[in-house]
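Q: So the chains spell out like this:
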Amino acid sequence: MDLGKDLLLDMYRSMTRIRLFETKVRDLATANEIPGFVHVSIGEEASATGVCAALRKTDRITSTHRGHSHLIAKGGRLDRMMAELFGKRTGYCKGKGGSMHIVDFSLGILGANGIVGAGLPIATGSALAAVIAGTEDVTACFFGDGASNEGTFHESLNLAAVWKLPVVFVCENNGFGEFTPMRTVTSVKDIAVRAKAYDIPGHIVDGNDVLEVYRYASEAVARARAGEGPTLLECKTYRWEGHVVGEQAFLGAASYRTEQEVNEWKARCPLIRFDKFAAESGKISVTDLQRIKQETEVELEAAIKFARESPLPDASEVTEDVFT
Amino acid sequence: MDLGKDLLLDMYRSMTRIRLFETKVRDLATANEIPGFVHVSIGEEASATGVCAALRKTDRITSTHRGHSHLIAKGGRLDRMMAELFGKRTGYCKGKGGSMHIVDFSLGILGANGIVGAGLPIATGSALAAVIAGTEDVTACFFGDGASNEGTFHESLNLAAVWKLPVVFVCENNGFGEFTPMRTVTSVKDIAVRAKAYDIPGHIVDGNDVLEVYRYASEAVARARAGEGPTLLECKTYRWEGHVVGEQAFLGAASYRTEQEVNEWKARCPLIRFDKFAAESGKISVTDLQRIKQETEVELEAAIKFARESPLPDASEVTEDVFT
Amino acid sequence: MAVTTYIQAINQALAEEMARDPLTFVMGEDVVLSAFGATKGLIDKFGPTRVRNTPIAEAGFVGAAVGAAMAGTRPICEVEFASFFYCAFDQVCNQAAKLRYMSGGQARMPITFRCVYGAMGGAAAQHSETVYAQFLSVAGLKLVVPSNPSDMKGLLKSAIRDDNPVIVFEHGALGGHREEIPAGEHLVPLGKAAVKRVGEHVTVVAIGAMVPRALKVADRLAKENISVEVVDPRTLIPLDEDTILSSVEKTNRAVVFDEGHLRGGAATDIAALIGEKGFDFLDGPVRRVTTLDVPIPFSPPLEKAALANEARLEAAIRELVGR
Amino acid sequence: MAVTTYIQAINQALAEEMARDPLTFVMGEDVVLSAFGATKGLIDKFGPTRVRNTPIAEAGFVGAAVGAAMAGTRPICEVEFASFFYCAFDQVCNQAAKLRYMSGGQARMPITFRCVYGAMGGAAAQHSETVYAQFLSVAGLKLVVPSNPSDMKGLLKSAIRDDNPVIVFEHGALGGHREEIPAGEHLVPLGKAAVKRVGEHVTVVAIGAMVPRALKVADRLAKENISVEVVDPRTLIPLDEDTILSSVEKTNRAVVFDEGHLRGGAATDIAALIGEKGFDFLDGPVRRVTTLDVPIPFSPPLEKAALANEARLEAAIRELVGR
Ligand SMILES: Cc1ncc(C[n+]2csc(CCOP(=O)(O)OP(=O)(O)O)c2C)c(N)n1
Ligand SMILES: Cc1ncc(C[n+]2csc(CCOP(=O)(O)OP(=O)(O)O)c2C)c(N)n1
Ligand SMILES: [Mg+2]
Ligand SMILES: [Mg+2]
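Chains as they are written, first to last, in the numbering used here: chain A, 1 to 324; chain B, 1001 to 1324; chain C, 2001 to 2323; chain D, 3001 to 3323.
Since the hints were made in silico from the structure, they are not lab data. Mixed in with the good hints there might be a few duds.
Simulated DEER-style distance windows between Cβ atoms [what the hints assert, rightly or not]:
no.	chain 1	residue 1	chain 2	residue 2	range
1	A	D190	C	G2121	46 to 52 Å
2	D	K3192	B	K1057	38 to 44 Å
3	D	G3041	A	R56	40 to 46 Å
4	B	N1032	C	K2192	50 to 56 Å
5	A	R77	C	V2198	54 to 60 Å
6	D	K3192	C	V2198	42 to 48 Å
Glycine included, C-beta positions come from ideal geometry on N, C-alpha and C.
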């Protein structure tokens, strides 16, 4: 697959936006400028980016508690995301949702979700809606290795397979659900194997290689769009940070993984990997990359400023938006 | 596997008890002598019997809405079952449960269940209890093809596999969930394939051949007892009767299967099959079989008499048994 | 006006609304053949894309209804028995009910859930529950409990057109009830109670299948000049507080009559409302006549003893009016 | 007596009961490491057979607790956040709650469920719910809502010894509360309310984390000679009606203060009880001070506006006593 320069730069920009946004969010949450539970995706930029790069704007995604990366990759605005994290009225959800519940319908983002596994049936239904409405939209569904043990995984994949729905199930396997190693609670080594239980294609993907993710995702999206049904992609990846920002405070000395393991995965950083590819392929100059990084830094600074300066919602807004 | 005569006769008795009981129950329910929803297992006698024959008395089972066969195969008393179906105080549940909820703890029968898929986690937990308590008991879990699409199937098989619990999952695939053909709502042709998603053994079994069922079940039970974890058995079978007794009344002219299909399966009757085996093997005489049939008829008549003559519960009992 | 059963009323409402809006569709277990008859024939009119038998996977297909609603369609999702909602509680309570609010109003959630509830004779504890009480405190769901064919048709049509998640509870024992239904477009708004019988001495707020029973008791007591007003809230959320309170203001006595349980139940909910906002109207305590707080037993005499019934309603009324 | 936090109280109760009965065991998500600390260290004392991290599969492991209980063991099953129960509602409401009754008393169901409930600051709608109201009308469950470390320890120990399914709700914001706990065996029976403060003018029935807040309000009002009696029911099922009603008989005024929603909520449940059985004691309506009927919003000012709070309690009391 020969990818054009624009696409490559878009993917680089997406990964950069995620990395910088998440790093900043981690710091702001640590400093208590952001309330609530915050889960960041540093180290997992490639799966969100590669999948969303294979989607059209009208295509839809569902996301998880660890959702910033997916939203950004689908085109989410950093300023409105940041404002939401700050609980401001200018946030995507007017401050009602917060980190785990960001939605942007205009971009086909049906929402992050605080309930593990909840996105799978929702994505399935979103794909069903395309069939009912007769559109060509595909839905991509992000979820974790932990979620793959939830009943909703099973029910959704079966339903999508039986009805040949245009959905791509993307398992971001980062090896852990909270502080529990995936292998201690999951009966298979590779989640992709579970595709066999639904008679659909299942692929193990290097989740830190955005180009490989993009290739598999494009194929799966094409299949879905052609009415051939769902695919299960398992992107092997790793989160550099804790499960939730601030976990050290309550976990104390206890740890659930070795520093060595973390460092090994840091060496497989999706961004470094992309830099290397850029250098080797000769398609992209270092200047391009630096420009994107700088632009993103500016965008992020503006987003933080926007979030900080935006008003909090008024108490009177509390009863709005329950019903139409 | 060379099976002793006693075991063979026990299995024949079990199948005969099921067949005669269910036929009578169908008639009594049709005549409105039995209230509520009644699901019978005529044609499915071999799976219940073959599995339970491989169990010890202290082993446990969980069952379904179509549970009479499992209870009988595990040694359930026809009189107390019939009394329960009649809603009598002498019934297994003092009239509080009815057809879908019969329990006999003294026989390790943890209960029929009105909720499709509910037995799977319960069986898993029963197996876990054996590990906690340090006993050697195995649990067999019966469920239908329809139940294999429930999330509880997935969650239970994963949990049992990860913890290597002593449980045997027995899917009685009769091709239908209510009036819906299994293939229209299930993404795989063979439920046994789904074992791959849990990295456990899965076998397709001729569910109308009690000897084959017994062989596979014995192997799975031995594996479970040895601490090697769960097995998934798929017994292919068929129900001769409707999903629920009396369905013709509300379905009207609509039908969901052909007479030809029903007749093909009747030709594969588990009891005729056994008769043939008996004749060919020379191990068992026709007199033996006839004696068992007659004994069962006597047992059944007594059970009906017991049920008819037993008292209904008193209204005052309604508030008993909510809590200990 | 044509005579129609409760089930036919459902069928008509579905057929009319599906004809009206091509983005509506029906899904659930066995909706094609339709055991109870509510969705019978829809497959012939609307085809397999819009009438879908689902796997037995409540969390999966209820959750799919949530996704389909957010993605612009208008699912009508059948959960056979109300207690099967327990298998999809997250999808109803954490997703359908909350996503509009959590998204700051972005999500539209036009789902109509249909289910059969209540005791219908020997169906036992897992198939006889009312269940609506468990949804009362969620915030974000509308709850509809029609007591007769005409209301069923008009309320169900309104539910389907509503842009919020609405659960319509169909009592299993009302299926064959017959009644004349207005011809043509017949809509009943959500949130408007009906005074089913005007009376002077006591208000009975009756829910769902308890309404016809309350009317029977009222008929009987009328012969003794005990005049009973029967109010049918029709929808539990939104609740027409005004009609209920106005009635109690007039009669000064109230009984709430519901097939659900007492603790945390719908009768308790309405009784507390009357007790708080209608305190000054009351000449005596608000009585609650409900099913006993036990799982519904199977055996007929036990089931009968457990369920809310006319005799207990009558006793409560007599005690309040002192006769 | 040693000073102990609410979380430490849980930990002590678990360790003591697990030492007492080898058939008890703990399972749930991340109970080995224990984010909140309640199960911390149990793995070292009791080993991996009896302290089990589960997959993220609530229906599966809650259902397994049901099976394990029926098969003779005594599971202590943690569901991290109360709203995750929605993923296992069938297992709790259709199975754990009903199987004893449906089996005519054959099944013993000695399960203790533990979960964190309530708003703890910015956790938003899916992680801030009280949820106990949804269990009130099920019939067959015991519900425990301890408001302080000492009660937590004593009630949790009683729950573990109880042969019925008991859900113990731990408020997320109480975790660090400290208190002296009686040394040695400390049991608090289920079904016995505590009068946390004696007063004359008004009864406040406060639930869970609302109890310390009610006490603060009572302190403040005492300075104006408004004398508030604070009753903590401690268990919602069984409910100690006598203690509540005796208090109202004395004060003639009642407010129920709960963090749950109003419609169908625990405050509504208790208010209806007082309104019915205590009608003759009342000088005014039973007021309910609860969280607004909206999903819990994320942003701090909205969350604050939504939640039941001291100011609203104070206003309700002042209105009732006319000062
Ligand atoms: C139904 C449910 N159960 C448990 C939780 C608590 N929880 C939040 S995130 C998480 C781990 C999820 O693991 P995984 O799916 O692998 O995603 P990751 O966090 O690794 O991205 C858990 C258990 C939840 N939010 N929802
Ligand atoms: C959770 C739940 N959903 C739906 C039903 C209604 N129902 C009862 S039996 C049945 C079909 C079950 O099919 P299967 O598991 O194949 O068992 P079979 O009846 O064929 O023996 C259904 C849908 C139910 N009882 N519980
Ligand atoms: Mg993970
Ligand atoms: Mg079947």
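Q: Work down the list of hints and note, for each, if the structure agrees.
A: Hint check:
1. In this structure the supplied range 46 to 52 Å holds for D190/A paired with G2121/C, their Cβ-Cβ distance being about 51 Å.
2. The given range of 38 to 44 Å is respected by K3192/D and K1057/B, whose C-beta atoms sit roughly 42 Å from each other.
3. Remark: the range hint 40 to 46 Å for G3041/D to R56/A is contradicted by a beta-carbon distance near 52 Å.
4. The beta-carbon spacing between N1032/B and K2192/C, approximately 41 Å, falls outside the hinted interval of 50 to 56 Å.
5. At roughly 58 Å, the beta carbons of R77/A and V2198/C sit within the given window of 54 to 60 Å.
6. Between K3192/D and V2198/C the C-beta distance comes to about 47 Å, which sits within the given range of 42 to 48 Å.
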